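Spelled out from the first residue to the last, the chains are:
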Amino acid sequence: MTNEELQSYLTERFPEAEIKPGPQYVEMIVTNAALNKTARQLKQLDEISFDYLFCLTGVDYAENMGIVYHLDSTVHRHMMVLKVRTADRVNPVIDTVSDVWITAKYHEREAYDLLGIHFNNHTDLRRLFLDDGWGFPLRKDYVDEVRIVER
Amino acid sequence: MSEIREVIINNDRLATDEYLVNMGPQHPSTHGVLRLLVRLEGEKVLNVQPHTGYIHSGIEKMCEAISYPQIIHLTDRMDYLSAHMNNEAVALCVEKALQVEVPDRVKYIRTIMDELSRLASHQLWWCVFGMDMGALTTFFYGLRDREKILDIFEETCGARMTVSYSTPGGLMFDIHPNFQKRVKEFITYFRTKLPEYDKLLSGNVILRERAEGIGHLSLKDAIDFGVTGPSGRASGFSCDMRKHHPYSAYPFVKFNEILDHRCDTLARYEVRILEMYESLSIIEQLIDNIPEGDYAVKMKGVIKLPEGEFYQRVESARGEFGVYIVSDGKKNPYRVKFRSPGFSNMFALNKMAKGHKIADLVAIMSTLDLIIPDIDR
Numbered sequence: 002m003t004n005e006e007l008q009s010y011l012t013e014r015f016p017e018a019e020i021k022p023g024p025q026y027v028e029m030i031v032t033n034a035a036l037n038k039t040a041r042q043l044k045q046l047d048e049i050s051f052d053y054l055f056c057l058t059g060v061d062y063a064e065n066m067g068i069v070y071h072l073d074s075t076v077h078r079h080m081m082v083l084k085v086r087t088a089d090r091v092n093p094v095i096d097t098v099s100d101v102w103i104t105a106k107y108h109e110r111e112a113y114d115l116l117g118i119h120f121n122n123h124t125d126l127r128r129l130f131l132d133d134g135w136g137f138p139l140r141k142d143y144v145d146e147v148r149i150v151e152r
Numbered sequence: 292m293s294e295i296r297e298v299i300i301n302n303d304r305l306a307t308d309e310y311l312v313n314m315g316p317q318h319p320s321t322h323g324v325l326r327l328l329v330r331l332e333g334e335k336v337l338n339v340q341p342h343t344g345y346i347h348s349g350i351e352k353m354c355e356a357i358s359y360p361q362i363i364h365l366t367d368r369m370d371y372l373s374a375h376m377n378n379e380a381v382a383l384c385v386e387k388a389l390q391v392e393v394p395d396r397v398k399y400i401r402t403i404m405d406e407l408s409r410l411a412s413h414q415l416w417w418c419v420f421g422m423d424m425g426a427l428t429t430f431f432y433g434l435r436d437r438e439k440i441l442d443i444f445e446e447t448c449g450a451r452m453t454v455s456y457s458t459p460g461g462l463m464f465d466i467h468p469n470f471q472k473r474v475k476e477f478i479t480y481f482r483t484k485l486p487e488y489d490k491l492l493s494g495n496v497i498l499r500e501r502a503e504g505i506g507h508l509s510l511k512d513a514i515d516f517g518v519t520g521p522s523g524r525a526s527g528f529s530c531d532m533r534k535h536h537p538y539s540a541y542p543f544v545k546f547n548e549i550l551d552h553r554c555d556t557l558a559r560y561e562v563r564i565l566e567m568y569e570s571l572s573i574i575e576q577l578i579d580n581i582p583e584g585d586y587a588v589k590m591k592g593v594i595k596l597p598e599g600e601f602y603q604r605v606e607s608a609r610g611e612f613g614v615y616i617v618s619d620g621k622k623n624p625y626r627v628k629f630r631s632p633g634f635s636n637m638f639a640l641n642k643m644a645k646g647h648k649i650a651d652l653v654a655i656m657s658t659l660d661l662i663i664p665d666i667d668r
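Chain order of the listed sequences is A and B.
Residues 2 to 152 (the working numbering) are what the first sequence spells out, left to right.
Residues 292 to 668 (the working numbering) are what the second sequence spells out, left to right.
Simulated from the structure, these hints should not be mistaken for laboratory data.
For clarity, every value in this text was computed on a predicted model and none was experimentally measured.
The reader is advised that the hints may include incorrect statements.
To be verified - Straight-line distance between alpha carbons at most 35 Å, and here's what the computed DSBU-like set of lysine-lysine pairs gives:
#, chain 1, residue 1, chain 2, residue 2
1, B, Lys484, B, Lys534
2, B, Lys511, A, Lys84
3, B, Lys645, A, Lys44
4, B, Lys622, B, Lys511
5, B, Lys534, A, Lys38
6, A, Lys38, B, Lys511
7, B, Lys642, A, Lys84
8, A, Lys106, B, Lys352
9, A, Lys106, B, Lys484
10, A, Lys84, B, Lys622
11, B, Lys534, A, Lys106
12, A, Lys106, A, Lys38
13, B, Lys648, A, Lys106
14, A, Lys38, B, Lys642
15, A, Lys141, B, Lys595
16, B, Lys589, A, Lys106
17, B, Lys352, A, Lys44
18, B, Lys648, A, Lys84
19, A, Lys21, B, Lys352
20, A, Lys84, B, Lys387
21, B, Lys511, A, Lys44
Unchecked claim - Coverage of chain A stretches by chain B, computed from C-beta distances (three or more under 8 Å per stretch; other residues unrestricted):
#, stretch
22, 22-31
23, 46-54
24, 59-70
25, 96-104
26, 129-140
Don't be surprised by glycine CBs; every beta carbon is placed ideally from N, CA and C.
All chains should be built: construct the whole structure from the sequences, respecting the hints.
Okay, here's the thing in structure tokens:
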């Protein structure tokens, strides 16, 4: 599907979600409550079948945290972006999608490690790169007086 | 009599006990600092758990404090064998955001450099794959040929591995006057040497016995785990970014995406060998037709990206490499994410190695072609 077709299909199919054309890919913004169900449908619906999650990014947007999912379909070769934001910035919680795309399991561990985003129902949520006592370095308010030199 | 009986019973219990072994972080077959926690029953692998972070350098965090042309130099240090592809990904992403169209000359040179990097990377992979399997000779054959590519890089870019050659808007400098001549010489040379690789290793009985049917990764799992590059294509996953989302000069050349449906270690081996032939043919199509013109477009002294989000996918030597830039309009990015191929590929290891012998684990890991700084970033 082209981006326009994809956008009209998604708008029709997911009336609660906010769908807008992005600079490159169609963007779909969902609430945390609808995330897992939406993700599952995006993968399973034959018309779109987004079976390949190629990138999962955690972002610290000053007032809250967000996760950006980049999706590709190996059947139809179209792409889209799924976005979700947390309500709370101090203790951000998002449902996992690792039961939909296995690769998310490890990308979510990375987001937990670097941003401190907690994933509900994740089977193996441990730190990936850093030690347990470490802060969350990709947060904008992270302070490390020893290793970060302000210029 | 009773003493002997006791020993036998103990041995029985020993044989059925499971035990945990740390493979790494300083194991020669990890080619970097990766620790695998392997659960074994005798020689049989029950579970593999990768533990990463030994070489985590916080590149994504560093990128938030520096300008776009500076980021190029950090990307070299992630997957140092695909340094040029990583540079190009950032350059393309910035160019896309600024809607800059680079001259055809830049596109051609970038593509040639891409393929030379891919060749050098696959050569090194072939060296160490042989070595991991116990065939040390391959190491000397592979490095002999790889040196020739690195010499070409050195002459044109001033560096052998961390080339930092692509930059937003074009290239750092024009190609060396000898570049075309030397690349053509190399192609003629390597066309005669590549069949040697097959003679030396591909047909080897020990290799085939140890590779055929080992480390099965089905197409569904490859997609689910996001295993890309030659490892994914050996499972029949058509994931070549050069074909599906062509960039630089790839739309102008003819080449085949090498797919294999056998899904095992041998398939991953053969896909890489065949890809080397494809790379040679891509370079041959381009090297005589490099258009005249500028090697870079004039960019502003301080590059500021418009507000928004930009994504660029390229094909590095080990799979899909992605750059995701979130910009708030300043001269440094708000957030950068590198989708590194090795990261996703590595976590499929457990799926592939389960049930095989520990020596097969080494071979399977070798065919995934992991570069640890690429995983840890």
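These are the hints, each one checked on the structure:
Only pairs whose Cα atoms come within 35 Å are accepted, and B:Lys484 paired with B:Lys534 is accepted, the gap being roughly 27 Å. The straight-line distance between the Cα atoms of B:Lys511 and A:Lys84 is roughly 25 Å, inside the 35 Å bound, and the hint therefore holds. Distance hint between B:Lys645 and A:Lys44 is fulfilled; the C-alpha atoms sit about 27 Å from each other, no more than 35 Å. This hinted pair does not check out: B:Lys622 and B:Lys511 have alpha carbons roughly 42 Å apart, beyond 35 Å.
Note on B:Lys534 and A:Lys38: the hinted pairing holds, with a Cα-Cα distance of about 32 Å set against a maximum of 35 Å. Restraint check: the Cα-Cα separation between A:Lys38 and B:Lys511 comes to about 21 Å, which is no more than 35 Å; the hinted pair holds. Note on B:Lys642 and A:Lys84: the hinted pairing holds, with a Cα-Cα distance of about 29 Å set against a maximum of 35 Å. Pair hint A:Lys106 plus B:Lys352 holds up; C-alpha atoms about 22 Å apart against a cutoff of 35 Å.
For the given pair, A:Lys106 sits about 43 Å from B:Lys484 by alpha-carbon distance, which is inconsistent with the 35 Å threshold. A hinted pair counts as satisfied when its Cα atoms are at most 35 Å apart, and A:Lys84 with B:Lys622 qualifies at roughly 25 Å. Only pairs whose Cα atoms come within 35 Å are accepted, and B:Lys534 paired with A:Lys106 is accepted, the gap being roughly 28 Å. Distance check on the hinted pair: A:Lys106 and A:Lys38 sit about 17 Å apart at the alpha-carbon level, within 35 Å; holds.
The hinted pair formed by B:Lys648 and A:Lys106 meets the criterion: a straight-line CA distance of about 26 Å does not exceed 35 Å. A C-alpha spacing of about 26 Å is found between A:Lys38 and B:Lys642, which places the hinted pair at or below 35 Å, so the restraint holds. Of the pairs offered as hints, the one joining A:Lys141 and B:Lys595 holds, with about 20 Å between alpha carbons and a cut-off of 35 Å not exceeded. Pair hint B:Lys589 plus A:Lys106 does not hold up; C-alpha atoms about 43 Å apart against a cutoff of 35 Å.
Pair hint B:Lys352 plus A:Lys44 holds up; C-alpha atoms about 32 Å apart against a cutoff of 35 Å. Taken as a hint, the B:Lys648 and A:Lys84 pair is broken in the structure, with Cα atoms around 42 Å apart against an allowance of 35 Å. Between A:Lys21 and B:Lys352 the CA atoms are separated by roughly 29 Å; this keeps the pair inside 35 Å, and the hint holds. This hinted pair checks out: A:Lys84 and B:Lys387 have alpha carbons roughly 22 Å apart, not beyond 35 Å.
Pair hint B:Lys511 plus A:Lys44 holds up; C-alpha atoms about 13 Å apart against a cutoff of 35 Å. Interface restraint, the stretch 22-31 of chain A with chain B: holds (4 residues with C-beta to C-beta distance below 8 Å; minimum three). Only residues whose beta carbon comes within less than 8 Å of a beta carbon in chain B count, and the stretch 46-54 of chain A has 3; three or more means the coverage holds. Taking a C-beta to C-beta cut-off of 8 Å, the stretch 59-70 of chain A contributes 3 residues in contact with chain B, enough for the three needed, and the coverage statement holds.
Counting residues of the stretch 96-104 of chain A whose beta-carbon sits less than 8 Å from any beta-carbon of chain B gives 3, enough to reach three: the coverage restraint holds. Judged by the Cβ-Cβ criterion of 8 Å, the stretch 129-140 of chain A is covered by chain B as claimed, because 5 of its residues qualify and three suffice.
Hints 4, 9, 16 and 18 from the earlier list are contradicted by this structure; the remaining hints agree with it.
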